[in-house]
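Chain order of the listed sequences is A and B.
Residue numbers for the first sequence follow our numbering, so the first one is 1 and each next one is one higher.
Residue numbers for the second sequence follow our numbering, so the first one is 1 and each next one is one higher.
Worth flagging that the hints you see were computed from the coordinates, not collected in a lab.
Glycine included, C-beta positions come from ideal geometry on N, C-alpha and C.
Any given hint could turn out to be false.
For the chain A half of the interface with chain B, some residues (derived, Cβ under 7 Å), not all of them [to be verified]:
1) 74
2) 75
3) 81
4) 87
5) 89
6) 90
7) 103
8) 104
9) 106
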Amino acid sequence: MLSASPLPLKIQQLSVSRQGKQLLDNVNAMIDSAGITIILGPNGAGKSLLLHIAHGLEEPDRGSLLWNQHTPKPQEPWRAFVFQKPVFLQRSVQSNLEYVLSLHKVPKTRQSLLIQQALQHTGLMQLSGQSARTLSGGEQQRLNVARAWVLEPKVMLLDEPTAELDPSGVATIEMLIRKIAQQNTKIIMTTHSLDQARRLAHDILFLHRGKLIEHTPAKVYFSQPKTSLAADFLAGKLLDTH
Amino acid sequence: MNDFSQAFLKAIQLIIQLDPDLIEIVALSLQVSLTAVFIAGLIGLPLGAALALYRFFGRGLLVALLNTFMGLPPVVVGLVVYLILSRSGPLGALGLLFTPTAMVIAQVFLVTPIIAALTRQTVMDANDEFHAQLRALGAKSPNMMNTLLWETRYSLVTNVFAGFGRAIAEVGAVLIVGGNINHNTRVMTTSIALETSKGNIELALALGVILITLSLIVTSAVMSARHAAHKMYT
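Can you make the complete structure from the sequences, with help from the hints?
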């Protein structure tokens, strides 16, 4: 268990290969600041894999990823993970939140308070009794964020959380992400959308073909990219690398 | 066609009259098969779930056996149970042969593989859907299994009733180990076999109609319960 701050996140010589393909190649990075860190890159760059490792869902072949000198395991309540496509239990919105709290043995008396908060923050109060699987796409993603938020984590990891949403859905989720970051929860999220990175990021990890190309403050990244690859990506020249 | 319409009339007649012999036969059929399905469920549900979720030595062999046993001919099962329970068999001293208990035992052998194999498939599919998400939420192995079983409960009930369908309809096993003794081990299917061989086609058909009707009632009850539950939380 982690009692102090989860930061710094230290990534050292992290490498993963699967079926002969180098998916992450000697990634080194140090994330020490609060706010929103965006992992940016084209499809197949290794963004999701890096995020999975950060939550303990996958293990690296070589190297390490440490939260304040601590190797992550998925069942730690100080850290939450949001998938691009959520899967909900065949229960009401409220029961889906209760489920997570019960998994982490939060006392019943505290559960209702946390659930009220999460529903209020995400605007799902009216829908709390509805079956989670009958929600619209935008509502489902709000519930997905609420489910991660309900444990009041210190870190939230989001994997392409808006990739399947319409523009108003994207705006809502981005607003939520900002709100969560303002409450001192560290956000790390992946996206392949430059516009989204521009709107949200404090700093950017730019990945390409499993390699970390740059890790710079967002302002620097967008105004004067250090590498030609980053410049190409910004200019829309760097395409799919499957 | 004439046979069928007469059989229907006869069936209705038997039911309206509440023929005591008929009631006894139907009651014993239900008692034997429901007991067998209950026991098979107790074994088959956890076995199927374990086969879906855990890797252990001999798992592949067990799955292959299960799938083979799903299609076991009831007469063969009957014969094996007969040999085990007969006077000279390993459990002969219990004196169970030609009792309803023997029939329950035989049907447990028939139904358990069906429930276990179907449960394995159901839980495996659910695991594919839920595993990554539940793990990311912090579920550990026991939480995961409980959640998957609860999420699939309607399908699991349907699987159990698929087992019931096999039990109530089979004749080979109960005939061999029960012996079709009047007022003792006579059930619907063995009566049908007997009446047919005696040439009482009408009565046999009437019993057949009742058997099918019973199955229909049970199946539609399960289906509508499942449908209602599904509508509540999809």
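Each hint, compared with the structure:
no.: 1; hint: 74; verdict: holds, 5 Å
no.: 2; hint: 75; verdict: holds, 4 Å
no.: 3; hint: 81; verdict: holds, 4 Å
no.: 4; hint: 87; verdict: holds, 4 Å
no.: 5; hint: 89; verdict: holds, 6 Å
no.: 6; hint: 90; verdict: holds, 5 Å
no.: 7; hint: 103; verdict: holds, 5 Å
no.: 8; hint: 104; verdict: holds, 6 Å
no.: 9; hint: 106; verdict: violated, 11 Å
The structure does not agree with numbered hint 9 stated previously, though it agrees with all others.
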